[in-house]
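K.L.:
Take a look at the letters that make up each chain.
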Amino acid sequence: MCERMEKMSLPKIPKIMISLAVIGFSSVVTQLVLIREGMATFGGNELVIGLGLGLWLLSSASGAWLGIWLTKRKDPHHLLFLGHILLATIPFFQLAGFRAWPLLLVRGEIPGMGSSAVGLSMILMPYALICASLIPLAASLLPWRDAPSAVYLIDLGGEIIGGLGFSFLFVYLLSHWGVMMVVGLGNLALAMLFSSPRLRLLPPLLATAIALSLPLNLSTLSWQMPGQKILLHKNTPFAQLSITRSGQQLNVLSGGIPLFSSGDYRTEALAHIPLIQVGEGARVLLIGGGVFGTILEILKHNPSRIDYVELDPVILSMDRQIYRSLSRPSIHAHVGDGRLFIKKARHAGIRYDCLILDLPDPENIYLNRFYTREFFEEARGILTPGGVIFFTLTGAENYLDPEGLALNRSVYAALGQVFDHILLFPGETHYFLASSRSFGTATASWVGLEIKKRLAERGISTRWLVDYQLPEMTDPQRIERLKKLVAEGSEEAANSDLAPHAFRHLLNLWLKKTGGTEKISWLILAIVAFVALSFCILIAYQQDSLLGVTFSSGYTGISLELSLLFLFQTIFGYVYLWISLFVTLFMIGLGSGALAARKWKNDPARQTFIQDLVLFLLISLALWLTMFGRSLQADTFLSIVQCGIIPVLIFGSALAVGWQFVAVSHYLNGATPRITGQLYLADLAGASCGTIVTSLWLLPRFGIAGILISAAVVKSASLLILIRMRRRG
Amino acid sequence: MMNQTRREFLKSSLWAFCGAHALLSFLPPWLLPTAALAEASFDPKDPHLREAYFYDRLEGGLTKCGTCPNSCLIKPGQRGKCKTRVNLSGKLYSISYGNPCTVNVDPVEKKPLLHFYPGTLAFSLAVAGCNFHCLNCQNWEISQTTPDKTQNFDLPPDQVVKLAKHYNCSSIAYTYSEATTFYEYMVDISTMAHKAGIKNIYVSNGYISPPALERLCTVIDAGSINLKSFSDDIYFKLNGGHLEPVLNTLKTLRRRGVWLEIINLVIPTYTDDLEMIKRMCGWIVKNLGPDCPLHFSRFTPKYKLAKLPPTPVEILQQAREVGIREGLHHVYIGNVPGMGEEVICPGCRKVVIKRRGYTLVSLDLENGKCRFCKQPVSGRWE
Chain A
1 MCERMEKMSL PKIPKIMISL AVIGFSSVVT QLVLIREGMA TFGGNELVIG
51 LGLGLWLLSS ASGAWLGIWL TKRKDPHHLL FLGHILLATI PFFQLAGFRA
101 WPLLLVRGEI PGMGSSAVGL SMILMPYALI CASLIPLAAS LLPWRDAPSA
151 VYLIDLGGEI IGGLGFSFLF VYLLSHWGVM MVVGLGNLAL AMLFSSPRLR
201 LLPPLLATAI ALSLPLNLST LSWQMPGQKI LLHKNTPFAQ LSITRSGQQL
251 NVLSGGIPLF SSGDYRTEAL AHIPLIQVGE GARVLLIGGG VFGTILEILK
301 HNPSRIDYVE LDPVILSMDR QIYRSLSRPS IHAHVGDGRL FIKKARHAGI
351 RYDCLILDLP DPENIYLNRF YTREFFEEAR GILTPGGVIF FTLTGAENYL
401 DPEGLALNRS VYAALGQVFD HILLFPGETH YFLASSRSFG TATASWVGLE
451 IKKRLAERGI STRWLVDYQL PEMTDPQRIE RLKKLVAEGS EEAANSDLAP
501 HAFRHLLNLW LKKTGGTEKI SWLILAIVAF VALSFCILIA YQQDSLLGVT
551 FSSGYTGISL ELSLLFLFQT IFGYVYLWIS LFVTLFMIGL GSGALAARKW
601 KNDPARQTFI QDLVLFLLIS LALWLTMFGR SLQADTFLSI VQCGIIPVLI
651 FGSALAVGWQ FVAVSHYLNG ATPRITGQLY LADLAGASCG TIVTSLWLLP
701 RFGIAGILIS AAVVKSASLL ILIRMRRRG
Chain B
1 MMNQTRREFL KSSLWAFCGA HALLSFLPPW LLPTAALAEA SFDPKDPHLR
51 EAYFYDRLEG GLTKCGTCPN SCLIKPGQRG KCKTRVNLSG KLYSISYGNP
101 CTVNVDPVEK KPLLHFYPGT LAFSLAVAGC NFHCLNCQNW EISQTTPDKT
151 QNFDLPPDQV VKLAKHYNCS SIAYTYSEAT TFYEYMVDIS TMAHKAGIKN
201 IYVSNGYISP PALERLCTVI DAGSINLKSF SDDIYFKLNG GHLEPVLNTL
251 KTLRRRGVWL EIINLVIPTY TDDLEMIKRM CGWIVKNLGP DCPLHFSRFT
301 PKYKLAKLPP TPVEILQQAR EVGIREGLHH VYIGNVPGMG EEVICPGCRK
351 VVIKRRGYTL VSLDLENGKC RFCKQPVSGR WE
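Residue numbers (the working numbering), protein chains in the order written: chain A, 1 to 729; chain B, 1 to 382.
Hints may be right or wrong, so weigh each one.
[Said to hold, decoys possible] With the Cβ distance kept under 7 angstroms, some of the chain A side facing chain B (calculated, not the full set): (1) Glu109; (2) Gly114; (3) Ser222; (4) Gln249; (5) Leu250; (6) Asn251; (7) Asp467.
Note that these hints are calculated values from the structure, not bench results. Don't be surprised by glycine CBs; every beta carbon is placed ideally from N, CA and C.
Whole structure, please, built from the sequences with the hints as guidance.
P.N.:
Structure representation (structure tokens):
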């Protein structure tokens, strides 16, 4: 009996391998789901994303360390069983935790960075900790000499499948709760393989509970939308979109933030101010927002054609439930990135009389691209000689905060470098109207008054614009004051793709509003200093500089990946398919590098050094591409960059990082879980630092080039360590 | 690998710590968070400082501010909760005198006052500061900061009056931020304005101490007071204040004959409870009279309260109906175009004042009475 139980309870090697693959799969899928939920709760800007991702990686690093301790326990199979049970069940509490967080605050309040940091830590950390701790534990059950590299590969394989599965399947078909059900059931199946007879019923019981939990999805979601009835909730690759009803009013929310409510007439200004400048029968290009009323207002001017570009196709599908504005024959809706559309239109020789941007403020690096000098140049290229561009920025009815002012100045400076004639309208929202054609002697005030006259001539009535908004927009004193502040005020660097000043100012404004300006800086430095300090102590304790090299490669790898993704976005726009492929390519690169290192085991010290050098060279190449690649215009060069250079850089950097990871494990010459744990700790700690520093500090302040320079500095330090080691023999 | 001795480990840790500290120390200041703000030094002779009109001097150089119900106990060198009053060597000074950060000419309807000299202009100004911390503040840029941090005009009281006359303004409105925090400035301007025949409008959250209000009532002509809710709990949660002092302010303004219009912002899930609105309207009728105009204003996401959708229009309509049922004669809806802005005669129910937006379209009043039925319509008319 005991022998049979022993045979039954002793897992075979394939079970461990499957366990590792499922751990990798669960880790990536759960991370993606929870980060997206975190964005809905705390905000979708790079600060929150970077903080969330960084905390996840940090927790994983701590988990790897915990895993080393766990391997010393007597019953690793039981621990694996428990681990899979927890991986199956915890995510539901985490989802509920994110959705319940607003209940701890004042209802409807945007959490500040302090609250975000606490919330993200408390909710994300347990899963990441447990998940990462299982890796050294599972590795301890593998009898192979080079277990660390094998574990790395299997885990990576699971992550690749998880990443692809989420990006191309789950996000389109399932809600977040549904995705967690899939992950949960998979982990419970694994738990069955490790369960003792005593606990054999537990996994099926839990599976039943999970299967019956689906109604909780909507009830927990409703905590984020108080006082509203949820009519539709949809996951898209870009956001979580909801349509709700409060009384008779329809609301559309993205990540819990209201995008649109029926009875909102503020789209009138967006349409009528620019359309008044051009004749009837104009060709109009509208980027973003159209289904929320802007198209209906534009149609009042009888344009000959409206090309409407929207990134998220689900928003287009919402038109059926809102204004049904897309059914008119003159409207041509396109799914995709607006800036990419403009590039293509330019090459095709298409021209527009009016370009309207109905977009949010530059609150992330993607949106910042629509407020840069480079974008305005591209926009000018598709406008007719008398064409106009029109967009909005956050304003203030009575007094602009210094960050709000700096934001407006940086965008105005960028606009002014491209268009000779700009009019600026004041108010709670600022309106920018620019053209290469002169507005004559018109001031903003005069133009505002002309709007009223011409609208009357065209037989167009408005509910809000003429009677409520125009008096303030055309107030000569307000206009003069704003002009002095923004246009004639002190020098502010123009917003550009590589120097996203507008994004930085808007982030600072957001921090100010939510009460976190100084706290976030301390938080960044505290986390990074803590991690770096902990690591220095660890290296000093272990007398193991190689861990420092692994740490630096973790930092460099993530920094390079993020930089290249941002660079791709800057040049080519946000193309979900390509971004997902690149992330997958990075993971494949890691795996390929690890495989190559397993094959060529001779002189791991030399391999480690070479990969470090390769990383340094790749950083330099990426920096060159950043500085000069954006200005490339020719199709051939752009295609080479899109399909050749960037993918090669991404794959190459991942290859070097993966290769080096395994080479270091060979160098350390051990198959012990301790080594596996330490390597994971070093890699993840480095990646965590890279994520946090990149997202919270480097990107807003110094742009993509700043990230790459920091990676070069870190990698140089690592190279020096290796050179010193080689000299010592 | 060889583990270190304890001494070596401690030595390495110390080096690591020193290295981190050195890194932080030598970073340029703009990379680091700003140091905790050093308290700005104020000179009592600064023309933008004025000794507070209402405060008590206590032992040990302590002062107790008497301008608003916060009644801050302020130590020397420190400021009160609103941060616009500072204790300098045992004397309390306002730092909000003659330094408005925003100055505009607005239609009086924008205050919003619909029964106060319709069609006229109000010279509107604000000094930065507020004694509340409303999560949905629409002027947070100036209310949640202080005059020493904003770019200001230099406008002594007499200059304000001169400018009001220059722009043909019938009134001066103390608005945008919280007028109570620049009390001394407001009182001095109002005194001069009265002498020049210009009216004064106090736009406020109503959080002012009784003695200060009594004095203010001698020089102001109208109050546009935000009654943010009828629940002390919501007052504290959303605004950082309390209900009772605001109700007292309303009663005092009424008693002193200051023209009063009340604004209530209807916020979904907070102040949209019709039962609470009913109690509020009942209180207004009983304590201020049925002729006191009440404006129900539509909430839109702002500042920190950005995750709630705007108020559904039908809720505002229902609130209005509740107000009328409770006996109020003049109930309006704000922030919704073309809805509930007409002034109706309580007698014959005909429209006596018609507006398009903030622009006066028609005025059918004669000596403050309805042109049709001669019923007096409450307000301040020509």
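K.L.:
All hints, please: hold or fail.
P.N.:
Right, here's what the structure says about each hint:
| no. | hint | result |
| --- | --- | --- |
| 1 | Glu109 | holds, 5 angstroms |
| 2 | Gly114 | violated, 13 angstroms |
| 3 | Ser222 | violated, 12 angstroms |
| 4 | Gln249 | holds, 4 angstroms |
| 5 | Leu250 | violated, 9 angstroms |
| 6 | Asn251 | holds, 4 angstroms |
| 7 | Asp467 | holds, 3 angstroms |
Checked against the numbered hints given earlier, the structure breaks hints 2, 3 and 5 and satisfies all the rest.
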